[in-house]
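K.L.:
What follows is each chain in one-letter form.
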Amino acid sequence: MTASTSFLHGAARVAGRNLTVWRRYAAASALGNFGEPLLYLIALGYGLGRVVPPIDGLSYAEFLAPALIVSTVMYTATFEGTFGAYTRLTTQGTFEAILATPVTISEIVTGEILWGGLKSAFGATVVLVVVRAFGLVPSWLALGVLPLGFLAGAMFYAMALCMTALSKSYEFFNYYFTLLVAPMYLFSGVFFPLEGAPPWAHRLAQVLPLTHVVAVSRALVRGQPSWHTVGHAAVVLGCAAAAMALAARLLRRRLQI
Amino acid sequence: MSPVVEASALEKRYADFVAVAGIDFRIASGECFGFLGPNGAGKTSTMRMLQSVSLPSAGTLRVLGMDPRHDGKRIRTRLGVCPQADNLDPDLPVIDNLLVYGSYFPQARAVTARRADELLEFVALGDKRNHAIPELSGGMKRRLVIARALINEPELLLLDEPTTGLDPQARHLIWTKLRELRARGVTMVLTTHYMDEAERLCDRLVIMDGGKILAQDSPRALIDAHVGQEVFELGASAAEARDFLAGLDLCGASHEHTGDLLAVFLSAKHQLSERLIERARGAGSRYLLRNATLEDVFLKLTGRELDE
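Keeping their order, the protein sequence lines are chains F and W.
The numbering of the first sequence is our numbering, which starts it at 1 and goes up by one.
The numbering of the second sequence is our numbering, which starts it at 1 and goes up by one.
Source of the hints: derived by calculation from the structure; they are not laboratory data.
Possibly wrong hints are sitting among the right ones.
Distance ranges between label pairs, derived from CB positions [what the hints assert, rightly or not]: (1) Thr-91(F) with Gly-303(W): 28 to 38 angstroms; (2) Ala-113(W) with Leu-8(F): 45 to 55 angstroms; (3) Thr-91(F) with Glu-240(W): 36 to 46 angstroms; (4) Ala-85(W) with Glu-171(F): 42 to 52 angstroms; (5) His-70(W) with Arg-249(F): 14 to 24 angstroms; (6) Ser-106(F) with Ala-110(W): 42 to 52 angstroms; (7) Ser-106(F) with His-193(W): 47 to 57 angstroms; (8) Pro-183(F) with Thr-60(W): 19 to 29 angstroms.
Partial pick of chain F residues on the chain W-facing surface, computed with a CB cut under 10 angstroms [unchecked claim]: (9) Gly-10; (10) Val-14; (11) Thr-20; (12) Pro-53; (13) Ile-98; (14) Ser-167; (15) Ser-169; (16) Val-207; (17) Gln-256.
Output of the computed footprint for chain W on chain F, the stretches with three or more beta carbons under 8 angstroms from beta carbons of chain W [what the hints assert, rightly or not]: (18) 126 to 138; (19) 233 to 244.
No experiment lies behind these values; they were computed from the predicted model shown.
By construction, the Cβ of each residue, glycine as well, lies at the ideal position given by its N, Cα and C atoms.
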């Protein structure tokens with residue numbers, strides 16, 4: 001059919017629009033991706049790390065590095081999917097403008113999530129380069145964090161998009177950041193090992209998607225994947241699919257006035 | 001020739017209210033068709049259905065010979081939409097607003113680029129090519145929105161209040177551009193609550209209120225049918241108006257009193273104006289004899305009270 005566009009064309013153009021905008025601010029964006037994990041690595045990995053005993057034979061910096069890659073992914077995707085997408089949904093009327101073209105709501109949602117994945121994968125790449133420069137990446141399997149960053153980024157972006165579809169103001173996102181994002185950051189095995197935690201705490205951590213992303217990242221960066229890694233990756237994939245379906249549903253309801 | 005738009009018994013209901021309550025209209029190719037009505041009349045809801053974004057709750061609608069329920073994507077490929085609120089992309093400079101928007105359509109990048117250049121000239125923004133959107137005046141933004149709506153060479157252009165909030169110079173420039181488009185044969189649908197805009201641009205129009213169509217015709221025919229040729233206005237309280245009209249044979253001309261104004265609607269056959277003027281002069285009252293306008297029709301049909 002030549003008269004109209006394909007689904008993928010529409011989604012790619014929506015992602016392309018965001019990429020075009022992002023290219024104008026790429027330097028600032030990369031600095032954010034680069035600077036913050038670097039500060040955490042220095043302050044916690046090497047500062048606090050001096051008084052932390054080895055974990056499973058790893059220095060604290062070695063333990064922390066793979067998790068910093070994916071916590072960057074979570075924050076990149078979450079900020080873009082809340083504040084960025086909410087601005088496009090409301091004040092800028094970007095989605096409304098696109099809906100006047102052949103591009104459909106489903107294509108907008110898919111394109112947005114695709115964009116969330118790409119931007120997150122870029123963030124993961126920057127942090128990977130940083131931790132590699134500190135000699136904290138022993139295995140080539142670490143390159144696997146790029147597709148992992150894309151997948152996890154798409155998942156966190158889709159989760160954020162659900163909040164965006166429900167939100168009536170920017171302030172609403174405080175709930176999401178305080179009640180879910182911050183606890184995930186702190187209790188998903190980024191800063192301390194979950195092994196040895198009380199069983200209830202361990203079980204609770206399994207509910208947080210970031211826990212599984214951190215587990216996969218650590219296995220890849222250390223070059224020690226196992227069947228557990230595949231299980232964790234499957235959980236991430238499942239969560240991503242569920243979040244995308246929900247985001248599409250909620251945003252459709254929000255946009256179809 | 002089959003109509004570009006055909007609607008019958010068209011309805012749009014939301015959870016708690018009826019926005020469009022069963023309307024019928026046909027829009028022919030090359031025509032400029034207007035929807036007039038106060039806020040909340042159902043104009044924008046109708047436009048959104050034509051846009052094939054919001055779907056009809058009942059009735060039938062065909063746009064460019066297709067059904068929006070099934071062919072929304074194909075319809076929108078051939079539509080140009082100029083929305084009420086400026087939703088230009090403030091993150092992108094002027095030219096990129098056209099290029100990115102063009103990328104949403106199934107047309108080659110080179111075609112979009114060539115058309116973007118032509119359109120910037122057409123709307124007199126050639127020298128603003130790399131400017132940021134926030135630097136543009138309201139009139140420039142509007143012109144850019146119109147240029148953006150034309151990026152896919154649409155057969156049907158939908159304009160939702162194209163000049164609301166603009167100063168007179170900016171409005172006239174936009175009207176000139178829209179008349180140029182009409183001369184090229186682009187079918188246009190516009191909503192407005194500016195009567196002069198509708199009178200200048202529309203071949204035919206409907207007046208809507210409360211989700212219904214109250215009247216439908218060319219501006220001239222509507223004025224003739226509902227008001228006449230001239231309006232005699234007199235500054236007068238209700239009591240003064242009663243005294244003024246006492247013993248006067250209006251020969252069937254209708255009149256209306258609101259606030260402190262008496263209006264008598266005259267057609268040529270009445271030949272009343274001289275007698276009215278004489279009487280007003282005699283009484284030393286303020287008066288005005290003017291041509292009847294679409295605004296008279298509008299106020300007569302939709303009422304003078306604010307229902308907000």
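K.L.:
Next step is simple, just say for each hint if it's right about the structure.
P.N.:
Hints versus structure:
1. Thr-91(F) with Gly-303(W): 28 to 38 angstroms: holds, 35 angstroms
2. Ala-113(W) with Leu-8(F): 45 to 55 angstroms: Since the Cβ atoms of Ala-113(W) and Leu-8(F) sit about 22 angstroms apart, the hinted range of 45 to 55 angstroms is violated.
3. Thr-91(F) with Glu-240(W): 36 to 46 angstroms: violated, 52 angstroms
4. Ala-85(W) with Glu-171(F): 42 to 52 angstroms: Since the Cβ atoms of Ala-85(W) and Glu-171(F) sit about 23 angstroms apart, the hinted range of 42 to 52 angstroms is violated.
5. His-70(W) with Arg-249(F): 14 to 24 angstroms: Hint holds: Cβ distance 21 angstroms, inside 14 to 24 angstroms.
6. Ser-106(F) with Ala-110(W): 42 to 52 angstroms: With a Cβ separation near 28 angstroms, Ser-106(F) and Ala-110(W) fall outside 42 to 52 angstroms, so the hint is violated.
7. Ser-106(F) with His-193(W): 47 to 57 angstroms: violated, 35 angstroms
8. Pro-183(F) with Thr-60(W): 19 to 29 angstroms: violated, 53 angstroms
9. Gly-10: Hint holds; Gly-10(F) Cβ to chain W Cβ min 7 angstroms, cut 10 angstroms.
10. Val-14: Hint holds; Val-14(F) Cβ to chain W Cβ min 8 angstroms, cut 10 angstroms.
11. Thr-20: Holds, because the Cβ-Cβ distance from Thr-20(F) to chain W comes to roughly 6 angstroms (cut-off 10 angstroms).
12. Pro-53: violated, 49 angstroms
13. Ile-98: holds, 6 angstroms
14. Ser-167: Since chain W brings no Cβ nearer than about 19 angstroms to Ser-167(F), farther than 10 angstroms, the hint is violated.
15. Ser-169: violated, 18 angstroms
16. Val-207: With a minimum Cβ separation of about 35 angstroms from chain W (threshold 10 angstroms), the hint on Val-207(F) is violated.
17. Gln-256: Check passed: Cβ of Gln-256(F) comes within 7 angstroms of chain W, closer than 10 angstroms.
18. 126 to 138: violated (count 0)
19. 233 to 244: Per the Cβ count (0), the hint is violated.
In the structure shown, a violation is registered for the earlier hints numbered 2, 3, 4, 6, 7, 8, 12, 14, 15, 16, 18 and 19, in ascending order.
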